[in-house]
Amino acid sequence: MTKTAAASPYGFRYIGTKRRAKEHARFVTGHGNYAADVTLPGLKHVALAASPHASAKILAIRTDVARAMPGVHYVLTGEEFCSATDSLPIGVDAPKVTRWALARDRVRYAGEWVAAVVADSRALAEDAAELVEVEYEALPHVTDAEQAMAPGSALVHPAHGSNVVLHRDFIWGPVEDQFAKAEHHMRFRAIWNRNATVPIETFAVMAQWQPGTEILDIWASIQMPKYPDQTAKALRLPGNAVRVHYDVDVGGSYGVKRGIKHTVLVGFLAKRLGMPVRLVEDRLENMRGGDMHGPDRSFDIDAAFDGDGTIRALRIRAIDNVGAYAGRAPFQLGKPVSAICGPYKIPAIAYEPISVLTNKTPQEAVRGFGQAPTNFAIERTIDRIAGFLTMDPIALRQKNLIQHDQFPYTIPSGSTYDSGDYHAVLDKALAAIDYPALVERRDQARRAGLLAGIGIATCLEPSGGNSAFEPLLNPKNETTTWMDSCLVRIDLSGAITGIMGTSSSGQGHETLVSTVVGEILQRDPAQIRVIHADSLSALPSNSPVGSRMAIMLGGAAAGAARKIKETLLAIAAHNFECAKDDLDYRDGNVNLKGVPSKILSWDQLVEIAHRKFHAMPPDVEPGLQEKFTWQVPTGGGLPTPDGRIQIYPCYAFETHIVYVEIDSDTATPTIKRYVCGHDCGVMINPDIVHGMTYGGIAHGIGAALYEQFTYDDNGQLTSGTFMDYLIPSAREIPAITIVDHCTPSPLTTFGQKGSGEAGYLGAPAAVANAINDALAPRNVEINALPISHLAIWDALAGRNSR
Amino acid sequence: MSETLYRIAVTVNGVERTGQVTARTSLVDWLREHLHLTGTHIGCEHGICGACSIMLDGAPVRSCLIYAVQTDGHRVTTVEGLTHPDGRLSILQDSFCETHGLQCGYCTPGMLIAAQALLDANPRPSEDDIREAISGNLCRCTGYQQIVEAIALAAKRISGEPA
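Residue numbers (numbering that gives the first Met the number 0), protein chains in the order written: chain A, 0 to 801; chain B, 0 to 162.
Hint data in this document are derived by calculation from the structure and do not stem from the laboratory. Among the clues, some could well be false.
Unchecked claim - Derived EDC-like pairs (lysine to aspartate or glutamate); straight-line CA-CA distance at most 16 Å:
no. : chain 1 : residue 1 : chain 2 : residue 2
1   : A       : K671      : B       : E15
2   : A       : K579      : A       : D523
3   : A       : K564      : A       : D523
4   : A       : K671      : B       : D127
5   : A       : K671      : A       : D523
6   : A       : K344      : A       : D433
Can you build the whole structure from these sequences, using the hints too?
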């Protein structure tokens with residue numbers, strides 16, 4: 000029933016056409032292979048005993064009653080585990096902030112794991128976990144970042160000597176000078192409260208130790224760079240003793256599926272007990288102890304601008320509440336440096352990022368890696384400047400947006416934006432929503448007594464993720480390599496297989512690789528198989544983080560396919576005794592130019608490569624298999640002494656226009672209209688890009704209106720279920736119109752940019768701007784997300800709900 | 000906790016399956032762990048996300064909220080039971096593939112069950128009907144748009160209208 004593919008708008012054969020995803024048939028039939036679906040004979044199950052305190056000393060742990068329960072095989076505590084394994088990596092320069100999966104001596108947040116029980120079934124393991132007796136002495140706790148920074152605060156890691164794990168002052172450009180010259184200044188605070196991507200699949204991992212080969216096999220719902228290496232290191236094993244099976248389907252991640260602590264724990268147990276062991280988080284474990292919360296950030300913004308709307312400079316202080324441990328999460332203050340002035344021509348920026356430990360659940364990477372909160376703060380700034388000047392927010396944006404003819408454009412913090420046409424995308428979005436009619440609709444609604452508002456956001460999506468923020472924020476860390484790779488193999492039957500070295504969590508990488516390889520080799524992508532190698536046979540990869548796979552895996556697949564094509568041409572040239580330039584390649588067959596009868600078919604070329612060494616050119620390897628590994632374009636440099644660095648290579652652009660009405664009886668906001676203008680260069684599969692963008696917008700609407708990990712005064716998480724952590728349904732998410740635009744990137748194989756974070760990077764800002772536009776006639780403003788209906792109600796009533 | 004075993008006989012995807020289960024074994028655990036029907040997924044185990052939706056005697060229910068013993072003598076349909084016996088995709092499954100009504104695939108089995116139940120009861124649903132029918136199924140990838148399109152497409156195809 001596949002529809003005939005429409006022609007590619009970019010002139011390609013397969014790229015840009017409507018194509019089904021290779022992955023979907025197995026998912027709609029229930030034949031996905033998720034981590035909790037994989038099983039082994041004799042599998043044992045883990046349940047966890049967790050801390051009820053936000054901060055406490057562990058005085059004693061008694062495990063004998065739990066251990067004596069029938070069906071229980073082991074109870075592990077931090078004392079044994081922490082002695083036998085190494086701390087998980089600490090990204091920032093804070094070596095005393097060590098972290099293990101199980102607490103020893105001290106717990107630092109409510110929900111932190113204290114003991115792990117292994118039993119014949121998950122149910123028995125849970126029963127036994129309730130029998131683990133832990134004696135605590137409660138200690139003072141702190142959950143507010145600014146209180147944690149204050150002198151005399153309780154310390155989360157006393158050995159570190161402070162709760163601050165990162166504090167930098169960057170000055171890019173003549174900030175003082177611009178502030179002195181500016182006609183106006185404006186200050187305010189924007190708050191992005193704690194939320195996360197919260198995939199519907201919780202984290203799951205299974206491990207088995209093979210004593211004969213001394214290999215630890217791992218199946219996990221993972222999306223993480225350096226996962227096998229970090230697992231091996233923490234377990235004090237050589238890297239080649241850990242084999243991660245990447246052919247596991249991951250049930251959503253959007254950044255957070257980084258269960259490294261879970262993996263080290265389960266790997267240790269599997270090896271210690273000589274049994275296969277599995278841990279599948281339940282929902283509360285995921286929400287409270289899964290260490291997968293996202294940024295929790297306040298922004299103090301000071302803007303300098305002139306009466307005509309010219310924005311001269313910004314000072315941004317960002318305080319992020321990173322929770323009880325600091326893995327990679329503080330770097331989420333660094334990635335936004337790559338687009339710190341947004342899409343605007345702002346010549347001077349001061350940026351002061353501060354990462355603070357508290358007794359909350361630790362953070363993990365969340366979609367956009369800190370960019371969505373930053374975009375929210377910047378876009379609120381733009382709207383507030385417009386309000387201050389009583390200027391149209393669209394006109395203010397048009398005045399300050401970087402112009403099409405200014406690319407490549409280097410921003411004050413050192414990144415060069417590759418390409419874009421921001422005005423054109425904004426115009427397309429305005430046309431699609433019929434902006435004058437929308438304004439009239441809002442004004443009519445207001446005349447009828449409703450609260451109604453229009454919100455706009457114009458935002459960047461840095462893509463092609465690398466790790467340049469690591470050396471920027473931690474000078475002792477010189478990580479600049481951030482490669483990806485692909486291997487393409489043609490077997491004796493002529494069938495094509497693409498091999499990638501990481502797992503996928505819904506991004507359609509099998510579709511990506513097959514489309515690109517099919518494009519280069521001119522072979523039908525539907526017949527190309529794509530597999531995920533395990534980590535011992537796999538290729539260098541840094542996993543699908545930072546919207547990088549269309550660029551990096553797509554580029555690697557193209558590179559490998561081009562090498563195959565060159566080999567086929569070399570074989571034909573040798574057999575026709577001509578130069579490669581004298582040949583035509585068409586659909587995998589090669590013929591002498593102008594002589595259609597002088598042809599070697601795909602099958603013949605493949606047979607020569609596999610079976611006819613006598614017909615092979617002397618310097619070409621037999622067999623048809625090529626690997627291509629490459630580094631993120633433009634990446635690879637260290638920062639300058641004043642903290643300028645090229646971070647990501649490609650910059651996609653999105654314009655959001657949202658219309659909101661607020662119910663006057665309940666203060667419930669309803670999104671009535673949503674248009675997103677989007678330019679991510681060439682789309683390899685437009686349906687996949689659109690799907691991720693719709694999903695990102697929905698996720699952003701959740702962050703703007705509903706989702707928050709809330710804590711009470713005792714440091715207890717009070718939104719650990721889906722009854723109080725509110726993920727929007729099809730009822731809350733409106734129909735969305737996406738308007739495409741294409742400014743190809745000059746840096747990538749086909750002109751593509753990344754889009755895995757699309758939508759999420761602008762939706763929270765646009766929705767917040769729409770609500771504030773609706774509230775403006777009542778002289779009420781809300782700059783803290785999520786803007787729940789209760790927050791609106793309280794604001795209208797003149798109360799502070801927080 | 001008593002671990003007394005109860006014998007059950009349930010018609011699963013048209014085939015009678017028998018089992019010995021404890022009283023506290025949820026239906027989803029029995030389907031996944033004992034029958035190895037892993038197409039039904041677990042998302043929250045408190046009845047909100049809908050990933051574990053199955054049909055019980057034709058009505059969509061959360062298999063995390065019922066015990067296996069409660070289904071003794073009843074009919075259960077899982078996502079595996081939506082596919083034609085010869086392996087061909089159903090119109091609904093095919094429509095999800097056509098419109099990209101899924102990404103990671105984790106919520107998909109539950110979505111398909113909710114959508115099939117809707118189409119069984121209402122072959123010509125409006126967009127509003129569709130959104131209401133899947134509003135008890137959370138998806139984190141798609142923003143629901145291409146799911147709504149898939150169900151609308153399936154409805155058209157089932158009623159023989161040109162898609």
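For each hint, the structure was consulted:
1. A/K671 - B/E15: 48 Å, violated
2. A/K579 - A/D523: 24 Å, violated
3. A/K564 - A/D523: Since the Cα atoms of A/K564 and A/D523 sit roughly 15 Å apart, the hinted pair holds (cutoff 16 Å).
4. A/K671 - B/D127: Holds - the C-alpha atoms of B/D127 and A/K671 are around 14 Å apart, at most 16 Å.
5. A/K671 - A/D523: 42 Å, violated
6. A/K344 - A/D433: 27 Å, violated
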